[in-house]
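*Asks:* Sequence:
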Amino acid sequence: KLGTLARLARSAGHAKFDFLRQHGGPQLTRRFLLDRARLVVVPIGLETVVRSVIGKPLSDGDTGTEFAKAIVASLKDALTTESPRNMEACLDEVPITHAPLAGAGLTPSDPDSTPRQQIKAAGALHAIAGSGTAVVRISPEAAPSPEDFAGFLRQAWHQTEVHRIKFRVD
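In my numbering, the protein residues as written are 31 to 200.
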């Protein structure tokens, strides 16, 4: 079913692309903006699916992470096997400005995971997807020091395939 849903998302992206090409006006066609467009697919509810099927969090580093990696691989395969038709497709995160959905995507949302566990799990998913933004949740009570943040960034840079990282205190 994942492949079907991913292909449906791709078809919707192509339909919007075609609509904008016909009706978008000069503001989109000028400077090749539309030609550089890319379809961003966000796997909403990945943590919930992993917990309901496996019974463990996505960031457990074991069966939960492996199941999430299989889901992301299946989605990426379904998005990239069709010809691109002038539109590249990728998997990523919901922009942080969309508060109700913030954290949906290629990042664990387990409140009990440490920032290091979150970065490691996100890196495993980003390696498969080839893209992504890790939103690392930090509890206000934890109050990491600047040195801790530097350590998180070093871990993301040297030990994982995290492409982009955002820290969110909540």
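Please keep in mind that the hints were generated in silico from the structure rather than gathered at the bench. Just so it is clear, the structure is predicted and the values come from calculations on it, not from any experiment. The beta-carbon is built from N, C-alpha and C at its ideal position, and this holds for glycine as well. Be aware that a few hints might be false.
[Claimed, not checked] Derived DEER-like restraints, expressed as beta-carbon distance ranges:
1. G91 / L63: 23 to 29 angstroms
2. G54 / T34: 25 to 31 angstroms
3. A157 / K196: 32 to 38 angstroms
4. S82 / R37: 21 to 27 angstroms
5. A173 / T34: 21 to 27 angstroms
*Asks:* Hint by hint, note whether the structure agrees.
*Replies:* Okay, the hints, checked on the actual structure:
1. G91 / L63: 23 to 29 angstroms: 41 angstroms Cβ-Cβ, so the 23 to 29 angstroms window is violated.
2. G54 / T34: 25 to 31 angstroms: holds (29 angstroms)
3. A157 / K196: 32 to 38 angstroms: violated (18 angstroms)
4. S82 / R37: 21 to 27 angstroms: Distance hint for S82, R37 holds at roughly 24 angstroms.
5. A173 / T34: 21 to 27 angstroms: Once the Cβ atoms are compared, 45 angstroms apart, the range 21 to 27 angstroms for T34 and A173 is violated.
Against the hints set out earlier in the document, violations occur for numbers 1, 3, 5.
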